[in-house]
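At position 2 of the sequence shown the residue is numbered 2 (the working numbering), and the sequence of numbers has no breaks.
Don't read these hints as lab results, they were simulated from the structure.
Be aware that a few hints might be false.
To be verified - Here are the simulated SDA-like pairs of lysine to any residue, each with C-alpha atoms no more than 25 angstroms apart in a straight line:
hint, residue 1, residue 2
1, 81, 91
2, 88, 67
3, 21, 3
4, 93, 112
5, 54, 103
6, 21, 67
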Amino acid sequence: MEPLIIEPTAMTPEIHLELGKPFLIAGRSIPESAQDIFLPVISWVREYLEHDGKSPIFEFRLEYVNSGSSKYLLELLRIIKKYIKEGKNIALKWYFEEGDESIMELGEHFRDSLHIPLEMIPVYE
């Protein structure tokens, strides 16, 4: 599979989906059209998990997320959950800066509402 790498901007996150490395979504995600950013990600992840999916690690290192991005992150995690339920060994890591209540609570919301093994990892400066 070809990697999907999207460089970050002031409005969009860094996305690094490459075989053999942890899959990364990091930074600010406040685009006007979240679907333009996340639909290719969802498609890539679905394809990967359907045909390969050898124990991937997903790392979420977000700084700020708008409601449109949150919707697509939820959809991405729903897809990942489907494959976890089918027995795929998938690690999910949600990093948040110590004291960043909004990003911490967003991760907890995803974890608790989807009942997924989303590891909450505080980052200390």
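Taking the hints in turn, this is what the structure says about them:
The straight-line distance between the Cα atoms of residue 81 and residue 91 is roughly 11 angstroms, inside the 25 angstroms bound, and the hint therefore holds. The suggested pairing of residue 88 with residue 67 is violated, with an alpha-carbon distance near 29 angstroms, which exceeds 25 angstroms. Proposed proximity of residue 21 and residue 3 is supported: the alpha carbons are some 10 angstroms apart, at most 25 angstroms. Only pairs whose Cα atoms come within 25 angstroms are accepted, and residue 93 paired with residue 112 is accepted, the gap being roughly 14 angstroms.
Taken as a hint, the residue 54 and residue 103 pair is broken in the structure, with Cα atoms around 28 angstroms apart against an allowance of 25 angstroms. For the proposed pair residue 21 and residue 67, the alpha carbon gap of about 28 angstroms is over 25 angstroms, so the pair is violated.
Of the numbered hints stated above, those contradicted by the structure are hints 2, 5, 6, listed in ascending order.
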